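My request is simple: use the sequences and hints to build the entire structure.
Spelled out from the first residue to the last, the chains are:
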Amino acid sequence: MNISPEEVAKVARLARLDLTPEKIKQYAGQLDGILGYMDKLAELDTSAVEPMYTPVDQVSVMRDDVVRKDYTREEILKNAPETDGAFFIVPRIV
Amino acid sequence: MPDLTQLTLTQVRQQLADKSRSAAEVTEAALSRIQATEPKIKALLSVQAEEARAKAKALDAQGPDAARPLWGVPLIVKDVLATKDAPTTCGSKILENFRPVYDATAVARLKDAGAIILAKANMDEFAMGSTTENSAYFATRNPWDASRVPGGSSGGSGAAVAACQCYGALGTDTGGSIRLPASFCGIVGIKPSYGRVSRFGMVAYGSSLDQIGPMTRSVEDAARILQVIAGHDERDSTSVDAPVPDYVAALSERGDLKGLTIGLPAEYWDKGLSPEVAEACGAAVKQAEALGAKTVPVSLKLSEYAIATYYIIAVAEASSNLARFDGVRYGLRDKSAESLIEMYVKSRTQGFGEEVQRRIILGTYVLSSGYYDAYYRKAAQVRRLIRQDFEAALTRCDVILGPVCPTTAFKVGEMTSDPLQMYLMDIFTISTNLAGLPGMSLPVGLGCETGMPVGLQLTGRAFDEARLLQVAGVLEKNVPAAGIAAL
Numbered sequence: 015m016n017i018s019p020e021e022v023a024k025v026a027r028l029a030r031l032d033l034t035p036e037k038i039k040q041y042a043g044q045l046d047g048i049l050g051y052m053d054k055l056a057e058l059d060t061s062a063v064e065p066m067y068t069p070v071d072q073v074s075v076m077r078d079d080v081v082r083k084d085y086t087r088e089e090i091l092k093n094a095p096e097t098d099g100a101f102f103i104v105p106r107i108v
Numbered sequence: 003m004p005d006l007t008q009l010t011l012t013q014v015r016q017q018l019a020d021k022s023r024s025a026a027e028v029t030e031a032a033l034s035r036i037q038a039t040e041p042k043i044k045a046l047l048s049v050q051a052e053e054a055r056a057k058a059k060a061l062d063a064q065g066p067d068a069a070r071p072l073w074g075v076p077l078i079v080k081d082v083l084a085t086k087d088a089p090t091t092c093g094s095k096i097l098e099n100f101r102p103v104y105d106a107t108a109v110a111r112l113k114d115a116g117a118i119i120l121a122k123a124n125m126d127e128f129a130m131g132s133t134t135e136n137s138a139y140f141a142t143r144n145p146w147d148a149s150r151v152p153g154g155s156s157g158g159s160g161a162a163v164a165a166c167q168c169y170g171a172l173g174t175d176t177g178g179s180i181r182l183p184a185s186f187c188g189i190v191g192i193k194p195s196y197g198r199v200s201r202f203g204m205v206a207y208g209s210s211l212d213q214i215g216p217m218t219r220s221v222e223d224a225a226r227i228l229q230v231i232a233g234h235d236e237r238d239s240t241s242v243d244a245p246v247p248d249y250v251a252a253l254s255e256r257g258d259l260k261g262l263t264i265g266l267p268a269e270y271w272d273k274g275l276s277p278e279v280a281e282a283c284g285a286a287v288k289q290a291e292a293l294g295a296k297t298v299p300v301s302l303k304l305s306e307y308a309i310a311t312y313y314i315i316a317v318a319e320a321s322s323n324l325a326r327f328d329g330v331r332y333g334l335r336d337k338s339a340e341s342l343i344e345m346y347v348k349s350r351t352q353g354f355g356e357e358v359q360r361r362i363i364l365g366t367y368v369l370s371s372g373y374y375d376a377y378y379r380k381a382a383q384v385r386r387l388i389r390q391d392f393e394a395a396l397t398r399c400d401v402i403l404g405p406v407c408p409t410t411a412f413k414v415g416e417m418t419s420d421p422l423q424m425y426l427m428d429i430f431t432i433s434t435n436l437a438g439l440p441g442m443s444l445p446v447g448l449g450c451e452t453g454m455p456v457g458l459q460l461t462g463r464a465f466d467e468a469r470l471l472q473v474a475g476v477l478e479k480n481v482p483a484a485g486i487a488a489l
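As they're listed, the protein sequences go chains L and E. In case it helps, my numbering puts the first sequence at residues 15 to 108. In case it helps, my numbering puts the second sequence at residues 3 to 489.
Among the clues, some could well be false.
Said to hold, decoys possible - Covered, in the sense of this in silico footprint (three residues per stretch, anywhere, with C-beta under 8 Å from a C-beta of chain L), are these stretches of chain E:
| hint | stretch |
| --- | --- |
| 1 | 133 to 144 |
| 2 | 229 to 243 |
| 3 | 307 to 313 |
| 4 | 327 to 333 |
| 5 | 348 to 355 |
| 6 | 373 to 380 |
These are calculated hints, taken from the structure and not from any lab test. Just so it is clear, the structure is predicted and the values come from calculations on it, not from any experiment. Don't be surprised by glycine CBs; every beta carbon is placed ideally from N, CA and C.
Here it is as structure tokens:
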């Protein structure tokens, strides 16, 4: 058993998802199967292998730090569920 | 004389250039075709008919422009790519009302080249799926047989092109999402090398795997679209600043396959293929030999680890990428929530579909403290070994050939219950994404059992798309054509 319902519930909380108890049980079963399949990788000795996180070499590209204004405030706020015309509005935090 | 909508992009482009057709006429024909075929195939999430008509009218007023290589050509774009002021849902309810304020670079380049964007194509939600049944809106059907899936996740793009709704489409490919629907729908699809095409404005799934590419009815059409979208973009630091060859010119350089060495990996040919796929792809290889190519066996011995490696990396990157959907700046928000955390949780839970939630949880798990080394880091190490496997094989041959998928398009509903079973459909396509290499699907006729199209996969060295196009271009003229789906 790779993953228990309790672990699924914990991970769901971390991922900001609210799962019903039935869903948690269902996912635990499915994820257990998937992770069991993934454990296959343990067969390979990779102790001397550098991890490869991307296929391209130049990951950090430097450029001049210049201000560019491509969008107006109005455009940036256009898709927001709630604004006051100047800022994004969210429920009370404190 | 084929119907106007059945012309290839290359043919219609010629007719537009010599003014035997106007952009308005071509656009109107495509829009009528959409209207006639949509009830059956449901390839599109939104149609920008008025905008397309206005653009066609404006283009006609200016007259054909030889400097714009897609002048007046109607195209369709997968709904994962940002289109200014037009819906961009990613097949998800969480982005139902989202209207980007900018175009993805690939879309902007198509528009600059004179293309007319007709519509946004259906897809598996956030590109997670292999059948386009996993769209939050509706399932797309295969134009060859509406009881079958079009493949996924770019199934809307594939079905639209096969149904002649447009002259080409953009898809995206994270683990096979261009090549699989191209194979199932009997069209050409290219997943370019990682870094060849800018990902700016593509809603990210697996950032180190994703690429945008063309889906078309001919190899030359694919070359023409790739030509426009390829090349460095300062807005995507992973797009590589390397010269883009003239792909169309490269096509005319080859009439046969003399001097070419084709690698045939035993891991792709020896097991699990349906007889009709083995037969059609095998016949294409025989044809390649008859055209002068030499074939050699090559080994991709790590193939059996590719799916596990891929799904760890893809879900890890997805869980991180999808964290941005929080109901604050765009997308769905649950208005009943009283605290910020509750708002995040309720919005995400309502907005994301089941497969997306499953992958977010799996991805969060493999990245979480205590499991990171065992899963994510381990997968990244195996990923390097898989790339080395390909590099070694590609020193012995110029291009690797194999099937795109072990089967032709399967029936709607057949694959939806078991997620692991669905992941296994990607067995031949995902390694290419892990290694960052270019891959292509070429139709090689219809299967003798199902009558559905079969796709041959070509894989090449990084940034060697020109050679894939050349080989595909020669084979296209010498293998049975899939033809056009009767709809």
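Determine which of the earlier numbered hints do not hold for this structure and return their numbers in increasing order. When the structure is compared with the hints, only number 1 turns out to be violated.
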